[in-house]
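*Asks:* Next come the chains, spelled out residue by residue.
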Amino acid sequence: MSNHGGSTNRSHGENWLPILELAIQEVFEIMVGCQVRPVAPSEHKANEEFTAMVGLAGALCGILTVCCDAKTARQIATRMLGDAAGSEDQAADALGEICNMIAGNFKNKLTGTDEQCMLSVPTIISGGEYTFRSLADGDSMETALLFEGAPIFVRLQLHS
Amino acid sequence: MDKIRALIVDDSSVMRKIVERSLRQAGVELEKVVEAANGAEALAALQGNVVDLILCDINMPVMDGLEFVRQAATAETAKGIPIVMITTEGSESHVVQALSAGARGYIRKPFTPDQVKEHVLPLLGKKP
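Line by line, the protein sequences are chains B and S.
Using this note's numbering, the first residue of the first sequence is number 1, and each one after it goes up by one.
Using this note's numbering, the first residue of the second sequence is number 1001, and each one after it goes up by one.
These are computed hints drawn from the structure, not numbers from a lab.
Bear in mind that the values here come from a model prediction, so they are computed numbers and not experimental data.
Hints should not be assumed to be uniformly reliable.
To be verified - Stretches of chain B that chain S covers, calculated by requiring three or more beta carbons in the stretch to come under 8 angstroms of a beta carbon on chain S:
1) 33-44
2) 74-81
To be verified - Here are some, though not all, of the chain S residues that point toward chain B, as calculated from beta-carbon distances under 7 angstroms:
3) 1016
4) 1059
5) 1061
6) 1062
7) 1090
8) 1093
9) 1110
Glycine is no exception: its CB is placed at the ideal position from the N, C-alpha and C atoms.
Please put together the full structure from these sequences, using the hints given.
*Replies:* Laid out in C-alpha cells, this is it:
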C-alpha cells in the first residue's frame, strides 16, 4: 500500500499515541490471548496484504486502519477462534473486529469523546496493491506492534 | 434452567463464535445456538426459533442493535427474552439507550468470559 495522508499536527499525536498503544495491547491481550509489543514502524518492512478500516465520526472524525500480512491475519483468526487454521474470510473478519475493538477501546479512553463519537462497521481490503488517500487533514499517528514476530501497523488519521 | 437456546447477533462470524465460546466458558450449557448477522436477520430468526437469551452487537449493517432491541420490545416472538448487548460502543448514552429500549445487560468489547458470566448468569437465574 502506498499512503498519501494529510498533514501532521503532532500535539495530539504525541499525547494520544500511548493511549492508542494501550488500547491495542488490551485488545490483543483479552481477545487474542497474547501480548504485543510496540516497535518503531520505520524499523519494520510493511507487507500489508490485509487492511482493516473503521471510520470515526463526531467529536473524533477520521479513520483507523490496521494492516498486516496474510499469514499474521490468519494467525490472529486462529488464536481468536481457538481452533484450526483460519480461512481467508475468517482472517479478514478477525482483523476487521480487531480494528473495530481498537477504535472503540481507544475512543472510550478519551474522556468526553466516547459520548460524541460514532464508529462505522469495519471494511477490509485484501491485497496490498492500492493507494490510500485520506482527506483527513488533522492529527495522524502510526504505531507498529510485533505479533509473533511479525509487524502489525496501526494508523489513526483525523480531520482537524 | 438447564440447557438454553441462544440467539447471537453480530455482523462478524468470528465474533459470533467467540461469544458462543464465552457463554460455554461462563458455564452456560447450550442446547442450540442461532446466529444472525444483523437486527433484521435476528427478527426473522425469532419467527422460526424459540430462544431463551439474545446477545447482540450494536454497530451492524442493515439494522443495528439498538433498533433491533426497540423492535424486539414490541415483537411477540421476543417477549420476555433477556437481551444483552455486546459492543465496542462503550459510551454512557449508548448504555442508557440500550437499557431504555429493553436490553437487560451491557458488555463492552473487548470482554472476558468472566464478564459474560457476571452479566448473563443472573438473567438465567444462576449465580455468577
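*Asks:* For each hint given before, does the structure comply? Return the numbers of the non-compliant ones in rising order.
*Replies:* Hints 1, 3 and 6 are the ones this structure does not satisfy, whereas the remaining hints hold.
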